[in-house]
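Top line first, the protein sequences correspond to chains A and B. All residue numbers for the first sequence refer to numbering that gives the first Met the number 0, where the first residue is 0 and numbers rise by one. All residue numbers for the second sequence refer to numbering that gives the first Met the number 0, where the first residue is 0 and numbers rise by one.
Don't read these hints as lab results, they were simulated from the structure. Here the structure is a predicted model, which means the values were calculated and not measured. Treat the hints with caution; some may be incorrect.
Using C-beta positions, here's what the derived DEER-type ranges look like [claimed, not checked]: (1) B/A287 to A/D294: 45 to 53 Å; (2) A/M190 to B/I90: 42 to 50 Å; (3) B/K186 to A/Q181: 38 to 46 Å; (4) A/M0 to B/T85: 42 to 50 Å; (5) B/N148 to A/D50: 51 to 59 Å; (6) A/I90 to B/I92: 25 to 33 Å; (7) B/D57 to A/A17: 55 to 63 Å; (8) A/A159 to B/G252: 30 to 38 Å; (9) A/Q193 to B/D256: 51 to 59 Å.
Straight-line alpha carbon distances no greater than 20 Å define the calculated EDC-like cross-link-like pairs of lysine to aspartate or glutamate that follow [what the hints assert, rightly or not]: (10) A/K298 to B/D275; (11) B/K225 to B/D256; (12) B/K131 to B/D164; (13) A/K182 to B/E274.
Some, not all, of what chain B presents toward chain A, calculated at C-beta under 10 Å [said to hold, decoys possible]: (14) E19; (15) K20; (16) Y84; (17) G173; (18) A188; (19) Y222; (20) V224; (21) I227; (22) A247; (23) E248; (24) S249; (25) L253; (26) D256; (27) K259; (28) Y264; (29) K298.
Where a beta carbon is used, it is the ideal one built from N, C-alpha and C, also for glycine.
There are 2 protein chains.
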Amino acid sequence: MSLISVGSLAYDGIRTVAGEKPRILGGSLTHFSNAASLKSKPSLVGVVGEDFAPAEWDFLKSKSHSIEGVEVLSGEKTFFWKGYYTEDFDIAITEETQLNALAKFDPKVPESYKKTPYILFLANMVPELQSKAALQCPGSVLKVLDTMNFWIENNAPGLAQAFKDVDGIIVNEGEAELLTGQKNLIKAAEMLFQPHFKILILKKGSHGVMVFTRDYMISLPAYPVKEIVDPTGAGDSFAGAFFSYLDAESQGGLDQDTVKQAAAYATVVASFAVEDFGVNGINNVSPAQVQARLDDFRKIVSF
Amino acid sequence: MSLISVGSLAYDGIRTVAGEKPRILGGSLTHFSNAASLKSKPSLVGVVGEDFAPAEWDFLKSKSHSIEGVEVLSGEKTFFWKGYYTEDFDIAITEETQLNALAKFDPKVPESYKKTPYILFLANMVPELQSKAALQCPGSVLKVLDTMNFWIENNAPGLAQAFKDVDGIIVNEGEAELLTGQKNLIKAAEMLFQPHFKILILKKGSHGVMVFTRDYMISLPAYPVKEIVDPTGAGDSFAGAFFSYLDAESQGGLDQDTVKQAAAYATVVASFAVEDFGVNGINNVSPAQVQARLDDFRKIVSF
Numbered sequence: 000m001s002l003i004s005v006g007s008l009a010y011d012g013i014r015t016v017a018g019e020k021p022r023i024l025g026g027s028l029t030h031f032s033n034a035a036s037l038k039s040k041p042s043l044v045g046v047v048g049e050d051f052a053p054a055e056w057d058f059l060k061s062k063s064h065s066i067e068g069v070e071v072l073s074g075e076k077t078f079f080w081k082g083y084y085t086e087d088f089d090i091a092i093t094e095e096t097q098l099n100a101l102a103k104f105d106p107k108v109p110e111s112y113k114k115t116p117y118i119l120f121l122a123n124m125v126p127e128l129q130s131k132a133a134l135q136c137p138g139s140v141l142k143v144l145d146t147m148n149f150w151i152e153n154n155a156p157g158l159a160q161a162f163k164d165v166d167g168i169i170v171n172e173g174e175a176e177l178l179t180g181q182k183n184l185i186k187a188a189e190m191l192f193q194p195h196f197k198i199l200i201l202k203k204g205s206h207g208v209m210v211f212t213r214d215y216m217i218s219l220p221a222y223p224v225k226e227i228v229d230p231t232g233a234g235d236s237f238a239g240a241f242f243s244y245l246d247a248e249s250q251g252g253l254d255q256d257t258v259k260q261a262a263a264y265a266t267v268v269a270s271f272a273v274e275d276f277g278v279n280g281i282n283n284v285s286p287a288q289v290q291a292r293l294d295d296f297r298k299i300v301s302f
Numbered sequence: 000m001s002l003i004s005v006g007s008l009a010y011d012g013i014r015t016v017a018g019e020k021p022r023i024l025g026g027s028l029t030h031f032s033n034a035a036s037l038k039s040k041p042s043l044v045g046v047v048g049e050d051f052a053p054a055e056w057d058f059l060k061s062k063s064h065s066i067e068g069v070e071v072l073s074g075e076k077t078f079f080w081k082g083y084y085t086e087d088f089d090i091a092i093t094e095e096t097q098l099n100a101l102a103k104f105d106p107k108v109p110e111s112y113k114k115t116p117y118i119l120f121l122a123n124m125v126p127e128l129q130s131k132a133a134l135q136c137p138g139s140v141l142k143v144l145d146t147m148n149f150w151i152e153n154n155a156p157g158l159a160q161a162f163k164d165v166d167g168i169i170v171n172e173g174e175a176e177l178l179t180g181q182k183n184l185i186k187a188a189e190m191l192f193q194p195h196f197k198i199l200i201l202k203k204g205s206h207g208v209m210v211f212t213r214d215y216m217i218s219l220p221a222y223p224v225k226e227i228v229d230p231t232g233a234g235d236s237f238a239g240a241f242f243s244y245l246d247a248e249s250q251g252g253l254d255q256d257t258v259k260q261a262a263a264y265a266t267v268v269a270s271f272a273v274e275d276f277g278v279n280g281i282n283n284v285s286p287a288q289v290q291a292r293l294d295d296f297r298k299i300v301s302f
C-alpha cells in the first residue's frame with residue numbers, strides 16, 4: 000500500500016497573537032506529508048518556483064516516499080500566502096496572495112506512484128485540477144478531496160463534478176453549512192453524503208471531528224490544547240495523519256474500529272501541529288510523544 | 000445515598016420550528032427530576048402557586064423521592080416563561096416572564112432530606128438563594144450550582160459568593176466566556192476552577208461536554224440528534240442524569256472512570272430530552288432505549 004497526495008507547496012507569512020513568521024515553508028502538501036510521514040511517507044504531486052530553497056527540498060524529501068511528481072516551473076516563484084489570525088484563532092485573514100507557480104499547476108501523477116495499491120488525497124485546489132488528478136488514478140483504493148469556501152462560492156459546478164470523481168470528501172463545519180444551508184451537522188452530512196461516497200469527514204476545529212460512512216458514524220472531541228500558536232495546516236495535518244493511518248494499518252479498509260483509531264490518532268497529531276509555527280509542531284515531535292498523548296486522549300474520551 | 004435538588008417549577012410557553020406549546024410543565028427542578036428519576040429519584044425543594052395542577056403534582060411525585068420541600072404560596076401563580084427558539088436552536092428568545100411565586104422563593108431544605116449522605120444540586124436561580132440553600136446543607140457529599148448569563152452580568156458579587164459556598168459549578172460555553180473573557184475553553188476552565196472546587200462541568204450544547212476535576216479532565220461529543228424539537232431543559236436533564244448516576248453508582252465519588260460513565264450516560268439522556276416538547280422526550284423513554292443509545296454512543300466515541 001502507498002499514499003499519494005496532490006496539493007500546494009508554499010511560502011507563508013503568518014502573524015498570530017503568539018508571534019510572526021514573515022516567510023516559512025507552508026502549503027497543504029507540506030503539512031499533509033509532514034504529518035503522514037510519522038506513519039507512512041506519501042508520494043507527492045505539486046509545483047514550486049525556482050526560489051524553492053534547498054532546505055525545503057531536503058524537508059520534503061525527508062517527509063515523502065517520492066517527490067518525482069513535484070514540478071519546478073522556471074521563471075516562476077513559489078506560491079506565497081500572507082495572513083493573520085484573530086485572537087481566538089477562529090478566522091484567518093488573508094493580506095496577500097501571490098499564486099505564482101500555482102497558477103500554472105497542472106498535476107501529473109507519475110506512473111511510478113501507482114505500482115502498488117494506493118490511497119489518493121487531493122488537497123484543496125481548483126476543483127477541475129482535482130478532477131483531473133482523480134481521473135489519472137482510476138486504480139485508487141480510496142480517493143478523497145478537500146476544498147474551501149472560495150470554490151463553494153465561486154465554482155459550484157466544478158466542485159460538483161469533482162465530488163463525482165472521488166469517493167469521499169473532507170470539509171469543515173462552515174463549508175458543510177455553506178454547501179447545504181443546514182446548521183444541523185448530522186443533517187448536513189446526510190445531504191452531503193453522495194451514493195457513491197465511501198467516507199465523509201467533517202472537521203469541527205476545537206470541537207473535534209465527525210466521520211461518516213455508509214454504515215456508521217464516528218464523533219470525537221478535539222484533543223484539548225491550551226496554547227495555540229499557529230493553526231495553519233491543522234486540517235491538512237489531520238488528513239495526512241488520518242490517511243497514513245489507513246494506509247499503514249488497514250490497507251485503506253474502512254471498518255469502524257480502524258477508522259475510529261485513525262480519527263483519534265489524527266486528532267492527536269493535529270493537536271501538535273497547532274502548538275508551533277508552520278511545520279515545527281509536528282516536525283519536533285517523537286513517536287513516543289504522540290503515543291503518550293494518544294493514551295491521554297483515550298483516558299479523556301473513551302468510556 | 001440520596002440526591003437533593005433546589006430549583007424552579009414553571010409553566011412554559013414554547014415555540015420552535017417543530018411546533019408550539021402554549022402552557023406545559025417546565026422549570027429546572029422538573030427537568031432535573033425527570034431525568035434523574037431514571038436512576039435515582041431526587042428530593043425536591045421549590046415553589047409553586049395555587050394554579051399548579053393535580054396532573055403536575057402527580058408528575059412531580061412520580062419523579063421524586065420526596066416533595067416535602069415544595070412550597071405552595073397562597074394567592075400566587077406559578078412562575079411562567081414564554082419564549083421561542085431561532086431556527087438553529089442556538090438562542091432562546093424570551094417573550095414574557097411572570098416570576099409570580101418564584102419572586103418569593105425562600106428555599107428550605109427539609110431535615111428529612113438530610114438523614115442519609117446526599118449530593119446537592121442547586122439549579123439556576125438568584126445566587127443569594129443558592130448560597131442560602133448550600134449553607135443549609137453543610138453535610139453534603141458534593142454540592143454543585145448551575146447559573147446563567149443574567150446573574151453573571153447583573154449580580155457578579157452574589158455569584159462570586161455562591162461559588163465559594165459550593166464545591167462545583169456547571170456552566171455552558173457562553174457563560175464560561177462571559178465569566179473569564181477567555182474563548183479557549185481549556186484556559187477558561189482553568190481560570191474558573193477554584194481551589195476548593197471538586198468539579199467543573201462545561202456544557203457545549205451540540206458540541207458535547209467537558210468535565211474538569213483537580214486530577215483529570217473528560218471531553219465527550221454530543222450524541223448526534225438529527226431532529227431537535229425543543230431544547231428547553233436539556234442542561235437540567237443532563238445535570239439530573241449526571242448526578243443521579245453519581246448518587247446511584249459511586250456514592251458521590253469522582254474517580255475518572257465513574258465520572259466519564261456518568262457524563263456519557265447524561266449525554267445520552269439529554270439527547271432524548273430535546274427530541275420532544277417539555278418533559279415528554281425523557282418521560283416516554285424506556286431504560287432499554289437509554290441503554291441501546293448508550294451502547295451506540297460508545298461505538299461512535301470510544302476507541
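Cross-check of the supplied hints:
For B/A287 and A/D294, the hinted distance range of 45 to 53 Å is not satisfied, since their beta carbons lie about 34 Å from each other. For A/M190 and B/I90, the Cβ-Cβ distance of about 24 Å falls outside the hinted range of 42 to 50 Å, so the restraint is violated. Roughly 31 Å separates the CB atoms of B/K186 and A/Q181, a value that falls outside the hinted 38 to 46 Å. Range check, A/M0 to B/T85: Cβ separation about 47 Å, and the 42 to 50 Å hint holds.
In this structure the hint that B/N148 and A/D50 lie 51 to 59 Å apart at CB holds, the actual value being about 52 Å. Checking the proposed 25 to 33 Å range against A/I90 and B/I92 shows it holds: the Cβ atoms sit about 27 Å from each other. Checking the proposed 55 to 63 Å range against B/D57 and A/A17 shows it holds: the Cβ atoms sit about 59 Å from each other. For A/A159 and B/G252, the hinted distance range of 30 to 38 Å is not satisfied, since their beta carbons lie about 55 Å from each other.
With their beta carbons about 40 Å apart, A/Q193 and B/D256 fall outside the hinted range of 51 to 59 Å. Taking the CA atoms of A/K298 and B/D275, the gap is near 33 Å; set against the 20 Å cutoff, the hint is violated. As the CA atoms of B/K225 and B/D256 are separated by approximately 29 Å, the hinted pair breaks the 20 Å bound. For the hint pairing B/K131 with B/D164, the CA-to-CA distance comes to about 9 Å; that is within 20 Å, so the pair holds.
With a C-alpha separation of about 17 Å, the suggested pairing of A/K182 with B/E274 holds against the 20 Å cut-off. Interface restraint check: B/E19 against chain A, minimum CB-CB distance 20 Å, threshold 10 Å, status violated. Against a cut-off of 10 Å between C-beta atoms, the interface hint on B/K20 is violated, since the closest Cβ of chain A lies about 21 Å away. Because the closest C-beta pair between B/Y84 and chain A is about 12 Å apart, greater than 10 Å, the hint is violated.
Interface hint status for B/G173: violated, as the beta-carbon distance to the closest one in chain A is roughly 14 Å, over 10 Å. Hint on B/A188 holds. Least Cβ distance to chain A is approximately 9 Å, under the 10 Å limit. Look at B/Y222: its Cβ gets to within about 8 Å of chain A, closer than 10 Å, so that hint holds up. Look at B/V224: its Cβ gets to within about 7 Å of chain A, closer than 10 Å, so that hint holds up.
Given the 10 Å rule on beta carbons, the hint for B/I227 holds: about 7 Å separates it from the nearest Cβ of chain A. A hinted interface residue such as B/A247 counts as satisfied when its beta carbon comes closer than 10 Å to some beta carbon of chain A; here the least separation is about 16 Å, so the hint is violated. Interface hint at B/E248: violated, since its Cβ lies 13 Å from the closest Cβ of chain A, which is beyond the 10 Å cut-off. Proximity of B/S249 to chain A is violated relative to the hint, the smallest CB-CB distance being about 14 Å (cut-off 10 Å).
With its C-beta approaching chain A no nearer than about 15 Å, B/L253 sits outside the 10 Å limit, and its interface hint is violated. This hint holds: B/D256 has a C-beta 8 Å from the nearest C-beta of chain A, less than the 10 Å allowed. For the restraint placing B/K259 at the interface with chain A, the shortest Cβ-Cβ distance is roughly 4 Å, inside the 10 Å limit, so the hint holds. Below 10 Å, beta-carbon pairs count as interface contacts, and B/Y264 has one with chain A at about 9 Å; its hint therefore holds.
A distance limit of 10 Å between C-beta atoms decides the matter here; for B/K298 the minimum to chain A is near 7 Å, and the interface restraint holds.
Violated hints, listed in ascending order, are 1, 2, 3, 8, 9, 10, 11, 14, 15, 16, 17, 22, 23, 24 and 25; each of the other numbered hints is respected by the structure.
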